[in-house]
Amino acid sequence: MVEEVRKLLQDILQKIQGLHCILITDRDGVPLLKVGTDKAPENALRPNFISTFGLAIDQGSKLGLGKTGTLICSYAQYQVIQMNKLPLIVTFITSDTCNTGHILALQNQINPIISTLTLAVAES
Amino acid sequence: MEKHLNRVMEEITNQPGVYGCVLSDHQGLCLGAHGQASTESSGVITALAEQALKLEPKSVMPIISLENDNRQLIIRRHGVLTCGIYKSVCN
Amino acid sequence: MGCCYSFFCNDDSSSQAGEPTERTHLLVNPVSINTTVVHANSEDYIFRNANTLPKKTDEQSALNRILQETATNVIDVAALDSHNLQHHEYLERMKHYNVKVQQVMGNNRNALSYKVKLSLLQDIPMPEKVMMSEPINPEDIKLINSFLSSAVASIQDIKVEHKENLVEPFGINC
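Chains as they are written, first to last, in the numbering used here: chain B, 1 to 124; chain C, 1 to 91; chain V, 1 to 174.
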């Protein structure tokens, strides 16, 4: 079953131009599922980079706008789009020109996978 | 500021048969949606326009029409803008 | 530097209620439940508390609560990089997850399999009928073109209207 899910993610990866990597991790950035091309920058996959999201959304929730849902970081060459699915974090690493709206629309598609993976974290 | 844009979208939605429209930028982020169109569709609409352009890269921006028995979605891109119009069709 | 105070946090608590974060107390403070912190004159508050029976601890815990609440409301940018996972811990957890994910996915095979379908399209009977239909009628072309051109024109209108100062003098006047 894991292979099938991985294939689905791989398929998404191919369909969206400029999408380099999909990463489903726990709160501390430890990966549960990871698919990516070799274009994904190594540094952005490091757990301490990804786990910063968890801390940032805690601070962000104090802005009075409610719970943080998505964080889009736009860099010169890359975009990092992270979704709050706590206890999981979903990270997309894309090129700077990638279709951000399309990535955001993927949420519906990956939600069933996320809810299943949440069980893996919750049970431990 | 965006009043003008809202008015344009309202006018389009008031056309006969049209029940929604959506407008997105080059990154697929929604600039505006009116009527029964979700802001989430903007990314997919931009992606469709992009893929369709790849079929004939040298020609002008194509018009894409998606149809089922009673509804139609028309998409066209111009420069950085992509717009989609949702229409109901009666056959 | 790097900290600013937020007044809005109380509104937010409703949306996060029931969801434990690292700020949720593991043990509920029995005093803090009974004492609701009023944003009135703090001297008043202490005075009022002093008249009630368990004096010292009550006052202390109320003050602690105020302090704690303030600390939670502060947006602390500097604290962002304080967390680090040990390498061996990381590897261990990754191994653990590998096994867990296999297990969970296997258990939920039925729920997942139809959602993991790769193609949304289905075969249609009599494709000739669809193929032969008119691609798009001229009215629709006119409609989308007019929408697009007026949208492009109105997009030019969008610009940032400068209304307030970007930098506010904070806490000087009061």
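Think of the hints as simulated: they come from the structure by calculation, not from any bench.
One thing to keep in mind: the hints can contain errors.
Unchecked claim - Have a look at the derived ranges for each label pair, beta carbon to beta carbon:
| hint | chain 1 | residue 1 | chain 2 | residue 2 | range |
| --- | --- | --- | --- | --- | --- |
| 1 | V | L67 | B | E4 | 50 to 60 Å |
| 2 | C | P16 | V | V77 | 46 to 56 Å |
| 3 | V | T72 | B | D38 | 41 to 51 Å |
| 4 | C | E67 | V | N73 | 51 to 61 Å |
| 5 | V | N73 | C | S59 | 55 to 65 Å |
| 6 | B | N108 | V | L63 | 41 to 51 Å |
| 7 | B | P112 | V | K159 | 36 to 46 Å |
| 8 | C | P16 | V | E69 | 21 to 31 Å |
| 9 | V | K159 | B | K34 | 52 to 62 Å |
Built from N, CA and C at the ideal position, the CB exists for glycine as well.
Each hint tested on the structure:
1. V:L67 - B:E4: 50 to 60 Å: Because 52 Å falls inside the window, the suggested range holds.
2. C:P16 - V:V77: 46 to 56 Å: For P16 (chain C) and V77 (chain V) the Cβ distance comes to about 54 Å; the hint holds.
3. V:T72 - B:D38: 41 to 51 Å: holds, 43 Å
4. C:E67 - V:N73: 51 to 61 Å: holds, 53 Å
5. V:N73 - C:S59: 55 to 65 Å: Cβ of N73 (chain V) to Cβ of S59 (chain C): about 57 Å, so the range 55 to 65 Å holds.
6. B:N108 - V:L63: 41 to 51 Å: holds, 48 Å
7. B:P112 - V:K159: 36 to 46 Å: holds, 42 Å
8. C:P16 - V:E69: 21 to 31 Å: Given a distance of about 58 Å, which is not inside 21 to 31 Å, the answer is violated.
9. V:K159 - B:K34: 52 to 62 Å: Once the Cβ atoms are compared, 42 Å apart, the range 52 to 62 Å for K34 (chain B) and K159 (chain V) is violated.
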